[in-house]
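Quick note, the sequences are listed as chains A and B, same order. Taking my numbering, I'd label the letters of the first sequence as residues 1 to 410. Taking my numbering, I'd label the letters of the second sequence as residues 1001 to 1115.
Take the hints with a grain of salt, since some may be wrong.
[What the hints assert, rightly or not] If you anchor each label on the Cβ, the simulated ranges turn out as follows:
(1) 214/A x 1108/B: 39 to 47 Å
(2) 378/A x 1055/B: 51 to 59 Å
(3) 1067/B x 73/A: 38 to 46 Å
(4) 1106/B x 148/A: 30 to 38 Å
(5) 376/A x 1102/B: 44 to 52 Å
(6) 147/A x 1085/B: 19 to 27 Å
(7) 1097/B x 78/A: 32 to 40 Å
(8) 250/A x 1097/B: 43 to 51 Å
(9) 135/A x 1085/B: 22 to 30 Å
(10) 266/A x 1106/B: 45 to 53 Å
I should point out that these hints are in silico values taken from the structure, not numbers from a laboratory. The beta-carbon is built from N, C-alpha and C at its ideal position, and this holds for glycine as well.
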Amino acid sequence: MDKIQQETDQLYKQHFGKLVASLLYASHDIDPETAEDIVQDTFSAALIDWRLQGIPANSAGWLYKVCRNKALNKIKRDKRLQPLTEKQDQATIETRFSESAFDDQQLKLLFACAHPDLTPKTQVVITLKYVVNLRVESIAKNLGMSIDGVDKLLLRARQKIRDEKILLEEPHPNALKQRLSIVHKIIYLTFNEGYKSTAGKEILREDLCEEALLLNKALLESSMSNKETLALHALMLFNSARFKSRISDSGELLDLENQDRSIWNQDLIQLAHDFFTRSQCEVVSTYHLEAAIACLHCIAPSFEQTDWRTIVGLYARLLHIFPNPFVELNYAIAKYYAGEKRGAFEILNELQKNTFLNQYYILNMALGKFHLLEGDHKLARAYLLKAQQQTNLQKEKDFIERMLGKIKEP
Amino acid sequence: MLIVREDLKRIGRLKTEDRFAEGPDMTDWIKSLIESGNYIGGEPLAIKGRYVTQNEVLSDGPFIEAKEGISGYDIILAENLEQATAIAQSCPMVMQGFAIREVRPMQPFIFKSPV
Chain A
1 MDKIQQETDQ LYKQHFGKLV ASLLYASHDI DPETAEDIVQ DTFSAALIDW
51 RLQGIPANSA GWLYKVCRNK ALNKIKRDKR LQPLTEKQDQ ATIETRFSES
101 AFDDQQLKLL FACAHPDLTP KTQVVITLKY VVNLRVESIA KNLGMSIDGV
151 DKLLLRARQK IRDEKILLEE PHPNALKQRL SIVHKIIYLT FNEGYKSTAG
201 KEILREDLCE EALLLNKALL ESSMSNKETL ALHALMLFNS ARFKSRISDS
251 GELLDLENQD RSIWNQDLIQ LAHDFFTRSQ CEVVSTYHLE AAIACLHCIA
301 PSFEQTDWRT IVGLYARLLH IFPNPFVELN YAIAKYYAGE KRGAFEILNE
351 LQKNTFLNQY YILNMALGKF HLLEGDHKLA RAYLLKAQQQ TNLQKEKDFI
401 ERMLGKIKEP
Chain B
1001 MLIVREDLKR IGRLKTEDRF AEGPDMTDWI KSLIESGNYI GGEPLAIKGR
1051 YVTQNEVLSD GPFIEAKEGI SGYDIILAEN LEQATAIAQS CPMVMQGFAI
1101 REVRPMQPFI FKSPV
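The whole structure should be built from the sequences, with the hints applied where relevant.
Quick look at the structure:
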């Protein structure tokens, strides 16, 4: 690959999304598909031009300028029939199209993606596409979806975006405030997708976690954030502190009990703590509760010495404001380790009646593990085998295999 | 409530295992809805049931032959009807043309206050 190609690729990575975002804000007449086409076109032009003329000193500036002109030409072509509005458009485009306004624009775009008419999954996908600037293939890989699935979702979203000018019109400041909770959810889901990815070989996608942290940081630096934003930041940092310990040197997946606590990142835990302290307020959100739970895990000297009682209480409060079978499952697990074994089994058995949860490997893995600890090897084996069939991740299959290894042959 | 409508005559002829094996995998869809806090519950419905009216006591009812009969339901929490519709659209069964989803907001019951 030659030098010009390399440099262009580099610029493409850095600026593609920004250029698309700035075009969307520059004009109401450009939809996301067209904007992407224009930017793509700009890069092709750059490659041809720079091969002949050499790379200009301000290559990014060149891109913005060419991109702007291409957009203007496109609008002019489309607007031939309405020459009166042309002038006005040119003026708006020029004032709005500026490189420096970008940081703000990224945030604006994030709030636009948080449109309440879109499904949470779509909100995450279009955020990854237009704000974080991932390609369709990597979105599919990161979210465990097929490329076709992401395309279909984007296609539907694009239609809606075009019909209702979702990305193009900035909502009223009051409406923006209302969208903050959706923005939090998008960031939270993005982080979670990175933290416990559902498909493929990789179990941890730190990139996605980093993107979520960066978006939240930008949010914190704006005037839009509130105490929940701080709690969310603390939650993500506490979990990030344990990144390295989740996979052993030989590449095996490790659960909380077997992680090497000495490699947990103390700086991150401290930082998370600072954010958590700053997040304290009268209204306790799910992020506050989840951050508190993550915090208790992070400061426990060992698995056994974890303050399970308090964690049980926190899960109970979480269930109260966010009833959800996943939370219930975690609640039962915490109860078991807190010594309330009967209560734990009662909840787990009840959860088995849930059509979905019964298909979910974590429930069967928990039942298998607890029966193993209680000495019922026959039941433990049955549950673990069931769980092993229910996950598609090789690392998780191996993890269950190792647990099965601890069971005496019948 | 997202009601699933399918050709009951056709699936009525299938064995139960085959009925669920032929459709797309719904696990990921439900999982993502649980994670985002939109999912409350839901179940498929058996095809055979009873039909009760004032005069007639019990029968299999006309629904067992219905082309777009109710074959299941999911209860979700959504911001508004548009989001609920978008969620229904993203259902794998709908995307792959296996079923139709009917989106019906649940209406809180209002008691007439006794005078």
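Outcome of the hint check:
1. For residue 214/A and residue 1108/B, the hinted distance range of 39 to 47 Å is satisfied, since their beta carbons lie about 41 Å from each other.
2. Residue 378/A and residue 1055/B have their C-beta atoms about 55 Å apart, which keeps the hinted 51 to 59 Å range intact.
3. In this structure the supplied range 38 to 46 Å is violated for residue 1067/B paired with residue 73/A, their Cβ-Cβ distance being about 52 Å.
4. With their beta carbons about 33 Å apart, residue 1106/B and residue 148/A fall inside the hinted range of 30 to 38 Å.
5. Between residue 376/A and residue 1102/B the beta carbon distance is about 45 Å. The supplied range of 44 to 52 Å therefore holds.
6. Separated by about 25 Å at the C-beta atoms, residue 147/A and residue 1085/B satisfy the suggested range of 19 to 27 Å.
7. A beta carbon spacing of about 35 Å between residue 1097/B and residue 78/A agrees with the range 32 to 40 Å that was offered as a hint.
8. Restraint check, residue 250/A to residue 1097/B: a C-beta distance of roughly 45 Å satisfies the suggested window 43 to 51 Å.
9. At about 28 Å, the beta-carbon gap between residue 135/A and residue 1085/B stays in the expected band of 22 to 30 Å.
10. Remark: the range hint 45 to 53 Å for residue 266/A to residue 1106/B is upheld by a beta-carbon distance near 49 Å.
In this structure, only the earlier hint numbered 3 is contradicted, and the remaining ones agree with it.
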